[in-house]
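K.L.:
Sequence lines, in order, name chains U and X. Using numbering that gives the first Met the number 0, you'd call the opening residue of the first sequence number 0 and step up by one each time. Using numbering that gives the first Met the number 0, you'd call the opening residue of the second sequence number 0 and step up by one each time.
Note that these hints are calculated values from the structure, not bench results. Incorrect hints may appear among the rest.
Calculated pairs, DMTMM-like style, for lysine to aspartate or glutamate (alpha carbon to alpha carbon, straight line, at most 25 Å) [unchecked claim]:
#, chain 1, residue 1, chain 2, residue 2
1, X, Lys58, U, Asp206
2, U, Lys102, X, Glu69
3, X, Lys65, U, Asp228
4, U, Lys102, U, Asp63
5, U, Lys26, U, Glu256
6, X, Lys485, U, Glu186
7, U, Lys366, U, Asp220
8, U, Lys116, U, Asp55
9, X, Lys42, U, Asp14
10, X, Lys570, U, Asp228
11, U, Lys102, X, Asp71
12, U, Lys108, U, Asp157
13, U, Lys102, X, Glu555
14, U, Lys283, U, Asp206
15, X, Lys65, U, Glu69
16, U, Lys100, X, Glu555
17, U, Lys73, X, Glu270
18, X, Lys570, U, Asp93
19, X, Lys65, U, Glu6
20, X, Lys65, U, Asp157
21, U, Lys73, X, Asp13
This one's a predicted model, so the numbers in the text were calculated from it and none came from an experiment.
Residue strings, one per chain:
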Amino acid sequence: MVEIRLENLRKTFGDIVATDMVNMTLKEGELSTLLGPSGCGKTTLLRLIAGFYIPDSGRVFFDDRDVTLEPPHKRNTGMCFQNYALWPHLTMFDNVAYGLKIKRVQGRKYTKPAIAKRVNLALELVRLGGLGGRHIHQLSGGQQQRVALARALVIEPDVLLLDEPLSNLDAKLRVEMREEIIRIQKEMSITTVYVTHDQVEALSISDRVAVMDVGYVQQFDTPRKIYADPQTIFVADFIGRCTFVQGKIETVGEFIEVRLPDGQFLSGLSTIDNYPFEVGEDVKCAIRPENLMLKSAGSQDNELAGTVTKTTYVGTALEVFFDVGGTEAQARLDADIGLNPGDDLKLYASRSEVMVLPLGGVESLRKVPGHPMASAEMPTRASSSA
Amino acid sequence: MGVEPELISDTVQDNLTRALLSLPATLGLWAVGKITGFVEWIKGRVLGFADFFADPGTKIRTGWSKFRQEMDALSTAQLVAVLFTFTLFLILPLLSVVLFSLENFPYHFVSLFQDSNFWPWQYNNQGELISYVRLELILTGGDLVVLQGWDFGAVINSIYMAIIVTVFSVLIGVFFAFIVARYDFPGKRIIRTVLIFPILATPFVGAIGIKYFLGRAGFINNLLYTTLHVIPFRIELQGIAAIIFIQSLSFFSLVYLNAYSSFMGIDPSLEEQAENLGATGSKLFRSVTLPLAMPGIQAGAILTFILSIEDLGTPIVYFEHQQAQKTLAYQVFASIATQSGKIDPAGPAIGIILLIFALTGFLAIRKYASLRSYEGGTKGGQWNPRLRPLSNRAVILLYLMLIPLLFFALIPQISVIILSFTESWSTNAILPDVLTLDNYNILWAYPDVTQSIQYTLIYGLIATFIIVLLGTSAAYIIARRDIPGKTLLDLLVTSPIALPGIVIATGYFVLFYNTPIFPPEGPWFLITMSYAVRKFPFTVRAAYAGLQSTPVVLEEASMNLGASKNQTFTKITMPLIGVSVLAGSLLSFVYSVSEVSTSLILGSVGRQQAPMTFWCNEILNATGEYGGPYNAATLGVLMMAMQMTVITITNKILGARSSAMTGI
């Protein structure tokens with residue numbers, strides 16, 4: 000088990016910046032997820048940790064060991080590839096045994112019985128005991144995935160790397176395998192990095208989630224904090240649903256008061272600790288649909304008025320879309336209320352549920368003293384043109 | 000002016016008229032497009048090159064650090080070995096030919112064009128233009144009609160000959176490929192295998208058979224003229240007409256293979272979509288199927304063009320007819336085929352002209368056909384290609400068409416086999432009157448010939464061994480290592496398929512004659528190396544294709560589990576691509592055995608060490624107990640037997656990926 004520390008990582012492919020200014024520490028025994036839309040750089044980051052890419056700049060540490068330039072086979076990571084990458088010319092047993100046959104412990108190698116014992120244990124761990132003689136093409140997708148997992152685990156890696164391991168499975172199997180992975184990961188308490196684009200998956204299995212977009216780590220936090228205190232507009236939008244209305248700051252105090260273009264007021268809280276908001280600054284107020292109420296819970300609550308444009312009945316609730324000065328807002332209301340397009344609507348939101356976010360995206364976090372982004376070195380002109 | 004009508008007539012006549020009227024413009028635009036595209040491409044390459052010289056320091060530094068990152072000790076050693084071999088046995092010999100021909104520049108080139116064998120328009124002493132162009136296609140004498148070609152001198156002869164061969168090959172090849180790829184009928188398996196044979200029986204062997212089997216007292220004449228009296232005279236092909244006939248029958252299978260795998264590689268849903276929109280029959284073929292298969296067909300066509308120009312085997316068999324000597328390949332051969340090792344400086348100059356054609360063609364293949372056609376082909380297994388069963392009537396019709404075509408396609412093989420068993424063949428008999436096994440005595444009656452069989456096998460095996468070692472290395476570096484200049488490396492190792500063997504052999508003479516590796520009377524080492532270099536592309540392409548269809552993650556998974564690059568290469572990569580490499584190396588071996596041009600030229604200075612093809616030609620032109628076509632045919636049969644065994648095995652292994660056989 001090791002702690003993985005990434006410092007100022009940057010990787011480009013030709014003119015395309017795949018990932019940049021990555022500073023994060025993945026703690027021992029934790030399961031961290033890299034979450035983001037396709038092309039956000041999450042797989043690049045995983046492959047930087049595995050050693051398949053060498054960063055243009057920045058360093059990768061396993062504990063205090065600098066492994067930035069170390070080739071993949073010297074890092075002792077166990078990786079599960081997206082399409083499993085099982086070798087078709089070997090049996091299931093031989094696939095799993097491969098790493099042990101290669102492995103040397105202080106210059107000595109494992110005996111055949113020792114290998115067999117460990118392989119069988121690993122196969123039992125993934126609930127494939129007794130099937131070792133099968134060929135890869137005789138296995139179902141779920142079984143292949145578990146072989147890949149066993150193959151990665153059997154070498155007792157310091158780090159387990161999972162690249163969208165469940166993406167090829169059907170919904171039911173995916174949930175089962177997800178539970179399996181968490182069980183094994185906790186049992187072995189192994190530092191794990193898990194790549195996915197499925198936000199539900201990420202929130203449900205992770206100790207911490209790194210939300211990525213266009214190569215930047217937007218936020219690296221516990222699932223709860225990611226949902227409740229998104230640090231950028233992208234995170235608020237990508238995780239769960241959100242209504243965004245733009246306005247100008249009128250006052251900054253315990254709460255931040257924002258004037259909307261159509262004259263309404265919203266009062267809310269900054270989700271970013273110590274962000275230096277200024278009066279007159281353009282910001283966005285983000286409100287989760289479930290936090291918009293029909294009735295006011297207190298006199299301090301925000302009012303938000305608009306015209307209903309569309310309603311969708313989803314069984315447990317009625318999703319209401321309404322227009323607030325040109326922006327579409329959404330709310331999740333009681334399924335029984337009768338609302339029709341064209342109706343005027345007034346909703347209430349508690350001040351603590353309105354999230355005030357700066358417009359600048361992840362770059363604006365550099366203004367926060369002590370933030371990991373603030374300590375990241377800006378790429379120099381020379382290296383950005385290279 | 001009125002508005003353009005939205006609808007126009009659709010009668011056959013109107014459509015034809017419109018098509019004919021717009022033909023010049025269409026063709027012109029097509030040609031202009033292709034040519035400018037090609038020029039732009041070359042320009043891009045050259046500019047890329049110039050870009051390097053604009054700032055060599057940085058480029059070399061970043062290139063070097065990239066190189067260090069990508070390469071470990073083993074890959075570096077592999078790369079060095081490949082580059083060393085190719086530099087010494089391909090680049091330097093070619094350069095030496097160029098330099099040799101530039102001696103007294105431009106004297107040799109000017110004098111070439113003052114030779115009427117070479118260029119038909121000459122000025123005589125009075126300064127008058129005299130044309131040596133001969134346009135008689137038909138010569139008659141008694142009951143004999145001889146068909147020959149036009150004669151424009153060696154340069155133009157070679158070009159127009161190659162163009163006609165290419166056209167015939169494309170027509171026959173695409174026809175067969177489409178039938179086999181899209182229809183299901185009884186006997187298809189056999190036909191598929193049979194169609195691949197011509198590619199291996201090089202025109203050289205086929206020419207021996209056809210020259211005598213279809214000669215003036217051969218099978219067809221005695222059947223149709225003497226026996227059935229269907230035609231009023233004997234027909235004989237000679238000169239360029241004969242070369243065109245023989246080469247077309249041999250090279251069409253190149254186009255066939257490429258077109259076949261292109262047709263198989265077309266995603267059926269693309270054709271189904273077109274049908275869904277109302278296109279059927281020939282409209283569907285012209286608008287969707289053919290364009291999608293075009294890269295493969297073009298590759299086959301250009302390759303045919305190159306091989307036709309550089310083919311020495313056919314002209315050499317027909318050398319008695321003056322036209323056959325007026326081809327570029329024969330001219331080079333004639334200028335250096337001496338036992339003294341001396342070279343007439345005119346030879347290299349002709350060689351340069353050949354080389355220019357070959358290189359242009361080769362670059363055109365890489366530009367237009369690229370490798371995409373091949374990669375598409377490998378995916379063939381992922382879908383079920385559109386196969387339609389044929390009704391009984393259609394099958395009969397098909398066979399009525401196929402049988403004559405197949406008969407002609409197999410004439411080279413059939414005729415060589417029959418000749419090899421012939422003891423006597425009277426002038427008017429359809430088939431030989433007396434058959435015998437005695438012809439095969441030559442294989443052991445004459446020590447040099449017996450030896451040549453062993454030598455051929457040994458040369459082929461050593462060459463194949465070198466090819467497998469270096470070819471796999473080169474393919475691995477090209478497919479898996481991102482180093483600067485790897486496109487150039489790819490070009491280098493596939494180029495031998497297009498480079499004329501005669502020019503390479505000339506280079507060996509210029510560069511190595513009378514050195515320890517090429518003592519007088521001792522060409523064995525260079526014969527082997529010429530096989531190794533010339534037949535390299537087949538293995539390198541097959542290995543590359545194998546690597547392409549093997550996902551990189553399979554190797555990454557191995558490294559992730561602690562295996563080094565070398566361990567990964569031996570334990571994962573090699574087992575996975577082994578079959579492809581095996582298939583490729585079998586091809587390399589087969590083509591080594593049947594290699595003609597370097598064998599003939601290098602063999603001529605060391606007859607004791609010469610390979611089979613050399614002796615095949617010697618016997619053909621020899622007189623006496625063990626001379627003449629019947630005995631020469633036995634060597635041909637032996638070669639063909641080896642080739643067919645190997646090709647059947649390879650075909651089994653490669654399956655739908657058969658275009659790997661052409662090595663492009």
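K.L.:
Taking the numbered hints from earlier one at a time, note which ones the structure violates and give those numbers from smallest to largest.
P.N.:
1, 3, 5, 6, 8, 10, 14, 17, 20, 21
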